[in-house]
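The chain contents come next:
2 protein chains.
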Amino acid sequence: MAEKELPGSYGRPGPGEIAVVGLGPGGEEEMTPRARQALERAEVIVGYRTYIDLIASLAAGREVVVTGMTGEVARCREAVERAAAGARVAVVSSGDPGVYGMAGLLLEILAAHPRGKEIKVEVVPGVTAATAAAAALGAPLMHDFAVISLSDRLTPWEVIADRLEHAAAADFVLVLYNPRSHGRPDHLRRARDIILRYRHPTTPVGVVRNAGREGEEAWIRDLNTFLDLPVDMVSTVIIGNSQTRVLDGRLVTPRGYRL
Amino acid sequence: MAEKELPGSYGRPGPGEIAVVGLGPGGEEEMTPRARQALERAEVIVGYRTYIDLIASLAAGREVVVTGMTGEVARCREAVERAAAGARVAVVSSGDPGVYGMAGLLLEILAAHPRGKEIKVEVVPGVTAATAAAAALGAPLMHDFAVISLSDRLTPWEVIADRLEHAAAADFVLVLYNPRSHGRPDHLRRARDIILRYRHPTTPVGVVRNAGREGEEAWIRDLNTFLDLPVDMVSTVIIGNSQTRVLDGRLVTPRGYRL
Chain A
693 MAEKELPGSY GRPGPGEIAV VGLGPGGEEE MTPRARQALE RAEVIVGYRT
743 YIDLIASLAA GREVVVTGMT GEVARCREAV ERAAAGARVA VVSSGDPGVY
793 GMAGLLLEIL AAHPRGKEIK VEVVPGVTAA TAAAAALGAP LMHDFAVISL
843 SDRLTPWEVI ADRLEHAAAA DFVLVLYNPR SHGRPDHLRR ARDIILRYRH
893 PTTPVGVVRN AGREGEEAWI RDLNTFLDLP VDMVSTVIIG NSQTRVLDGR
943 LVTPRGYRL
Chain B
693 MAEKELPGSY GRPGPGEIAV VGLGPGGEEE MTPRARQALE RAEVIVGYRT
743 YIDLIASLAA GREVVVTGMT GEVARCREAV ERAAAGARVA VVSSGDPGVY
793 GMAGLLLEIL AAHPRGKEIK VEVVPGVTAA TAAAAALGAP LMHDFAVISL
843 SDRLTPWEVI ADRLEHAAAA DFVLVLYNPR SHGRPDHLRR ARDIILRYRH
893 PTTPVGVVRN AGREGEEAWI RDLNTFLDLP VDMVSTVIIG NSQTRVLDGR
943 LVTPRGYRL
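In the order they appear, the protein sequences are chains A and B. Going by the numbering used here, the first sequence opens with residue 693, and the numbers climb by one from there. Going by the numbering used here, the second sequence opens with residue 693, and the numbers climb by one from there.
Because the hints were derived from the structure by calculation, they are not lab data. Idealized CB from N, CA, C, for every residue including glycine. Warning: the hint list may mix true and false statements.
Between beta-carbon pairs, the in silico distance windows are [what the hints assert, rightly or not]: (1) A:L846 to B:R913: 24 to 32 Å; (2) A:R882 to B:V756: 47 to 55 Å; (3) A:L846 to B:D914: 21 to 29 Å; (4) A:D878 to B:K809: 33 to 41 Å; (5) A:E732 to B:A766: 38 to 46 Å; (6) B:V765 to A:G706: 54 to 62 Å; (7) A:N916 to B:L846: 23 to 31 Å.
If you want the footprint, here are the derived chain A segments under chain B, 3+ residues with CB under 8 Å [as the list claims (entries may be wrong)]: (8) 801-807; (9) 858-869.
The following block holds chain A by itself, in its conformation from the complex (with noise of 0.2 Å):
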């Protein structure tokens, strides 16, 4: 039959594709066009259960793959199988997927796939937590600064000691990523022991809970103080370096222009 011949009517001929999408910190606000174009061009959209719920109208008419919080193995697996058979597969972060997200992940498991190489993969960036909570705090970003995950689920607590001591140190600006969770209550006030010794009681510390979607609360405490302030999993800390002040009502770190 003629039809037969056309392209495509025997499935796809080859392998699909994969974005990986950053969603940015949450409400549609927030996502680029860019991320955008790519949720509408994917056939199949894999990723956890709260990313896909941010993005319900774009998922709507789509598959979709929803894996819980550790099936990241799982759900890039299932992305690649996907493209591999050829549909074009978007997977979904919050923030930007190349911070602490799917993206190594997912191009890990790729090079291990024996078509992965003809599988053609974009990463798409968005905004990341650490520039949501600086923007809701003020500016304390506005200087060298280190990002450090509290989580010790893949990296030992040595290795995340080591790092806070020596970002402490040389008087980087910190942004603290998984700063708490059930887990592991005690990580955060670890941190700030090691961070105390580099760095004044009054440091000014800046918290943002939800940074940029609904719900967002900041607050402006010190090194002393804001233990007592409810961060969880979904909060980003922001330790000033010792040139941070609070300015009227904002946490600020100066580059240095005399004024």
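Position chain B relative to chain A; hints supplied.
What follows is chain B alone, placed relative to chain A:
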């Protein structure tokens, strides 16, 4: 006359507002809806010429105040004065305005202004060069990273060198902003030499020019060889940690998942 009694008929009754807006890497494709709305709402747009050109269609029909690259202080003062006189002002930065951008300086100038407390300010985050460059290279920022500017215009070189040293010692991935300019052609080599005390010469290095905008170019080399690349002021340099590898031509720092 009755009309005179209408609100606003004498000009604005009080101060206006300022949005410090991150344009993202450059193209309108990378600007969030929230950033676009802030620009649409503005009566006056203040910025460096190159950034204004990136948003020509949005700037059209609005008053535009342009200053040179080193006119940051004048730019922020002008923005604050205009807002104090009642205008809705947008100050634009490429990338994220809170990362070596205009947000901090603006808040400093605002805090020193007699009407500063009355002016409403919003910082609108954008996709910063670190993650736009990372996306172009693969996924090098999947683990803890340090962001360092090599510009010594406002920071003594000794401080920069000390931060490079500590970040290298603690095995952070390094992101270098302002990596090279005519005024300091040698900083990048000096930075590389510091890092080489802690990292193997074959450590992968990624360089991206014009990340996320027209004319984007990306290269992957190593600490031994990357200085030959055409690194300039519109480039971002990402230096891998001890775990970073090149997979199918992409730069990936594994997070530590067992595959």
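For each hint, the structure was consulted:
no.: 1; hint: A:L846 to B:R913: 24 to 32 Å; result: holds (28 Å)
no.: 2; hint: A:R882 to B:V756: 47 to 55 Å; result: holds (50 Å)
no.: 3; hint: A:L846 to B:D914: 21 to 29 Å; result: holds (25 Å)
no.: 4; hint: A:D878 to B:K809: 33 to 41 Å; result: holds (39 Å)
no.: 5; hint: A:E732 to B:A766: 38 to 46 Å; result: holds (42 Å)
no.: 6; hint: B:V765 to A:G706: 54 to 62 Å; result: holds (56 Å)
no.: 7; hint: A:N916 to B:L846: 23 to 31 Å; result: holds (30 Å)
no.: 8; hint: 801-807; result: holds (count 4)
no.: 9; hint: 858-869; result: holds (count 6)
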